[in-house]
Amino acid sequence: MLSRSAQGLYWMGRYLERTQHLCRLLELQASALVDRPVREIYFGWRRIYASVGREPPGGVLEIDFDDDFTLADSYTLADDLTFERLNSCSIWSCLALGRENARQMRHCISGEMWMALNLSYLRVQGLSMQDIWTTSPESFYIQTSAEINTFLGIASTTMYRDDGWHFMRLGHFIERAQLSSALLLAHLAAGTTNKEDSDDDWTSLLRAYRAFDAYNRRYSVEVHPGRVLELLVIDPMLPNSLCQSIDSVAAELAGLAPGPDTGPSVAARRLVDRIGAMVHDYWPERGDHGEFLRQVNDYCRELHYLLTAAYFEYPVEGLEPHPTTGGEGQVGSG
Amino acid sequence: MDFDAYDLDPSIYDEMFLPDGTPREHCGPLNETLTQLTSEELVGIQERVTRSFSDEGITFTVYGDDEADERIIPIDCLPRVMSGAEWRNIEEGLTQRLKALNLFLDDVYGKSRIKDLYGKPRIVHDGVVPDDVVRDCPQYREEMRGFSAPHGTWVAICGTDLVRTNDGFRVLEDNLRVPSGVSYMLANRKAAKSSLRRLYRRSRVREVENYGRVLLETLRELAPEGRSEPTIALLTPGVYNSAFYEHMFLAQELGAELVEGRDLLVSDDFVYMRTTTGLRRVDVIYRRVDDDFVDPLVFRPDSLLGVPGLIHAYKLGNVALVNAPGTGVADDKSVYAYVPDMVRYYLGEDAILENVETYLCRRPEDLEYTLDNLQDLVVKRVGESGGYGMLIGPHSSAGERDEYAEQVRADPAGFISQPTLALSRSPCLIDGRVEPRHVDLRPFVLHGRRTRIVPGAFCRVALRRGSLVVNSSQGGGGKDFWVLED
Chain A
1 MLSRSAQGLY WMGRYLERTQ HLCRLLELQA SALVDRPVRE IYFGWRRIYA
51 SVGREPPGGV LEIDFDDDFT LADSYTLADD LTFERLNSCS IWSCLALGRE
101 NARQMRHCIS GEMWMALNLS YLRVQGLSMQ DIWTTSPESF YIQTSAEINT
151 FLGIASTTMY RDDGWHFMRL GHFIERAQLS SALLLAHLAA GTTNKEDSDD
201 DWTSLLRAYR AFDAYNRRYS VEVHPGRVLE LLVIDPMLPN SLCQSIDSVA
251 AELAGLAPGP DTGPSVAARR LVDRIGAMVH DYWPERGDHG EFLRQVNDYC
301 RELHYLLTAA YFEYPVEGLE PHPTTGGEGQ VGSG
Chain B
1 MDFDAYDLDP SIYDEMFLPD GTPREHCGPL NETLTQLTSE ELVGIQERVT
51 RSFSDEGITF TVYGDDEADE RIIPIDCLPR VMSGAEWRNI EEGLTQRLKA
101 LNLFLDDVYG KSRIKDLYGK PRIVHDGVVP DDVVRDCPQY REEMRGFSAP
151 HGTWVAICGT DLVRTNDGFR VLEDNLRVPS GVSYMLANRK AAKSSLRRLY
201 RRSRVREVEN YGRVLLETLR ELAPEGRSEP TIALLTPGVY NSAFYEHMFL
251 AQELGAELVE GRDLLVSDDF VYMRTTTGLR RVDVIYRRVD DDFVDPLVFR
301 PDSLLGVPGL IHAYKLGNVA LVNAPGTGVA DDKSVYAYVP DMVRYYLGED
351 AILENVETYL CRRPEDLEYT LDNLQDLVVK RVGESGGYGM LIGPHSSAGE
401 RDEYAEQVRA DPAGFISQPT LALSRSPCLI DGRVEPRHVD LRPFVLHGRR
451 TRIVPGAFCR VALRRGSLVV NSSQGGGGKD FWVLED
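Heads up: the sequence lines are chains A and B, in that order.
Residues 1 to 334 (our numbering) are what the first sequence spells out, left to right.
Residues 1 to 486 (our numbering) are what the second sequence spells out, left to right.
Hints were generated in silico from the structure; no laboratory data involved.
Any given hint might turn out to be false.
As the list claims (entries may be wrong) - Only part of the chain B face toward chain A is listed, based on derived beta-carbon distances under 7 Å:
id : residue
1  : E40
2  : V43
3  : D55
4  : A243
5  : Q252
6  : L258
7  : R274
What the hints assert, rightly or not - Simulated restraints, written as ranges between beta carbons of each label pair:
id : chain 1 : residue 1 : chain 2 : residue 2 : range
8  : A       : P236      : B       : R450      : 58 to 66 Å
9  : A       : L127      : B       : D372      : 55 to 63 Å
10 : B       : G255      : A       : V60       : 31 to 39 Å
11 : B       : R449      : A       : T157      : 53 to 61 Å
12 : B       : R450      : A       : G111      : 44 to 52 Å
13 : A       : S110      : B       : D126      : 40 to 48 Å
14 : A       : T157      : B       : D341      : 52 to 60 Å
15 : A       : R123      : B       : G389      : 39 to 47 Å
16 : B       : P74       : A       : I142      : 53 to 61 Å
C-beta atoms are modelled at their ideal positions from N, C-alpha and C, and glycine is treated no differently.
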């Protein structure tokens with residue numbers, strides 16, 4: 001497969017995962033606005049902003065215990081993360097970039113995949129925060145997330161399992177692992193001391209991962225931070241767990257022949273093995289979970305560069321390497 | 001829906017109705033269907049068709065100052081229908097014309113030139129085409145001189161613009177460089193089939209959906225010797241090109257990679273592309289990049305869209321380039337005037353498809369005639385396409401004509417003129433009513449080692465009332481075109 005096509009599919013996978021990740025978090029925020037305490041709402045906003053590495057509009061978030069202010073603040077923040085075109089990590093931007101990569105690589109995906117994604121894009125294009133806020137913002141996030149799930153379902157039943165498939169999925173799962181570790185880090189960093197508040201925050205974290213029911217089934221309704229982390233990080237049966245994401249990365253990589261540049265190609269495989277071993281065997285029961293997650297996050301970023309070097313931008317005499325960011329027609333940023 | 005308000009004008013050929021208002025024989029089923037449908041039903045069909053284009057992202061892109069604007073090419077839901085017999089005549093005419101044009105290109109560039117002091121093409125030496133018409137043509141590529149295209153195929157993909165008047169079909173333009181529009185032919189067909197299902201089945205329409213396969217066969221025939229399973233790539237200028245949708249679409253139809261110049265390199269005179277498993281040799285390049293940009297070592301050195309060394313690899317026969325560079329000399333608006341003479345000269349036959357009468361302003365008597373009759377003529381710039389830089393005499397003001405006349409006087413060789421044609425009209429759905437609009441036709445002729453024509457065309461429509469300009473950049477749209485089985 002043409003390197004640039006593979007790279008386009010890889011980025012498409014990344015952006016759509018990013019879109020869905022934001023949808024889940026914002027759905028949670030939108031429903032928190034209905035009945036959760038102001039403190040929890042602000043905690044949620046801080047966690048989102050920290051996890052995507054972005055400053056909220058207006059700088060530091062100060063809790064305002066006035067409901068009206070909280071609502072007004074939340075509107076601004078949700079708009080920034082949903083429809084702000086100048087924010088490259090808003091839902092609007094991520095979906096547009098995912099769709100743009102699909103448009104450029106449309107000959108590499110199935111017609112059904114393209115159509116599903118394009119319809120979703122056209123729908124979101126025509127909306128603004130005002131449109132979704134007054135009725136039910138949750139349902140917008142739920143629908144957008146469901147549309148991406150539909151896209152992925154269509155992909156799994158219609159897409160030819162060539163290298164393009166593996167690269168799309170690699171993008172998807174590497175992005176998921178990175179976002180997941182970043183979210184957990186942000187959660188730990190924003191740590192709450194008060195037991196009751198803390199329980200609420202961990203519960204909302206479980207909901208963000210769609211892991212609340214799984215937690216109840218495996219443990220109990222009693223929220224224990226160590227168990228929550230264990231579920232979200234090392235449980236191979238939880239679809240969104242870090243462990244599951246890394247296993248999927250390894251599986252997709254195994255489906256690909258080694259890249260033309262053997263150095264980074266071998267290094268990438270070794271690195272995936274190492275991260276795999278970490279999440280399977282070396283999760284510290286106690287101790288510094290933050291350090292562990294930071295390490296995984298760094299490794300995922302490194303993996304991205306290794307794959308880029310091995311498959312997309314390997315050196316060829318007489319050929320300029322493709323720019324990863326900001327180049328003509330190339331849509332992606334790490 | 002009734003046709004009471006349908007404005008039939010006997011001086012203009014109507015594709016559906018005879019001058020007395022009865023439908024042409026082959027349009028009977030279409031007439032019956034339209035008569036049975038209500039205005040609301042037709043509007044519903046039109047909306048569904050337009051929506052399907054938007055949903056599927058069948059667009060052309062217009063780039064403004066800040067962001068890209070993806071536009072849908074307007075489609076009219078009523079098909080234009082043609083009988084099998086009429087089509088056969090067009091098919092023969094197109095085949096004949098392309099054969100002559102390829103012989104002309106071989107004569108202009110190839111080794112068969114007269115071996116006299118000036119190395120003139122035979123056709124120039126024999127006084128059929130004037131020397132300066134060829135030599136001064138901006139699309140003439142001296143770099144290709146002395147080269148003979150494999151199998152004599154300079155033009156493998158041609159999109160000829162045909163118009164019909166009360167006197168029959170005329171060739172308006174030969175597009176021999178990178179003709180576009182075939183994806184709209186296929187998209188229009190898909191839309192028409194799903195919206196007029198019963199009519200389509202009843203009408204026994206000849207299929208065009210195999211275009212991709214036919215194109216693939218054509219490209220394979222041109223692969224370098226000994227490459228039985230050639231790797232084919234479609235070279236696009238990139239996502240910012242207005243026809244990017246078509247490039248992507250054709251790559252998909254061909255099962256080919258869609259490459260940009262930066263994906264390719266020439267090494268030891270072979271062409272390779274960068275893939276996830278290493279460099280892979282490319283055998284056939286269907287290029288949608290203009291001559292000037294295709295190889296910075298030979299043509300424009302500032303081009304970033306091309307591949308250094310590509311032309312050399314092509315000349316050595318290590319890669320096929322479709323179409324060959326330099327073919328623009330044969331679809332130049334001045335050279336066009338001589339195509340019927342070429343047919344006679346190379347093939348010893350009369351042209352089956354006639355030209356539109358053309359006055360070359362480079363000839364003093366034609367210049368005088370043009371300036372004296374500006375109000376009745378269409379004047380075109382030789383180097384322009386897409387309907388730009390044109391004066392349509394009857395639709396112009398005296399001021400515009402004076403201004404244009406100045407330009408023509410300043411550079412007579414840069415202009416040609418033609419009588420304003422009464423292009424035929426076809427029924428279109430406009431604001432819930434069926435009204436006639438002017439149409440043209442762009443069939444696609446493919447030639448590898450033999451000629452293949454899919455029985456269909458991109459039918460362009462001037463959607464504005466009275467307008468003769470069908471170009472999508474200027475308010476034109478498209479409609480499906482049906483060739484019926486006999």
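Each hint tested on the structure:
no., hint, in the structure
1, E40, "violated, 25 Å"
2, V43, "violated, 21 Å"
3, D55, "holds, 6 Å"
4, A243, "violated, 14 Å"
5, Q252, "holds, 4 Å"
6, L258, "holds, 6 Å"
7, R274, "holds, 5 Å"
8, P236/A <-> R450/B: 58 to 66 Å, "holds, 60 Å"
9, L127/A <-> D372/B: 55 to 63 Å, "holds, 60 Å"
10, G255/B <-> V60/A: 31 to 39 Å, "violated, 55 Å"
11, R449/B <-> T157/A: 53 to 61 Å, "violated, 41 Å"
12, R450/B <-> G111/A: 44 to 52 Å, "violated, 31 Å"
13, S110/A <-> D126/B: 40 to 48 Å, "violated, 56 Å"
14, T157/A <-> D341/B: 52 to 60 Å, "holds, 59 Å"
15, R123/A <-> G389/B: 39 to 47 Å, "holds, 41 Å"
16, P74/B <-> I142/A: 53 to 61 Å, "violated, 36 Å"
The structure fails to meet hints 1, 2, 4, 10, 11, 12, 13, 16 from the earlier list, while all remaining hints are met.
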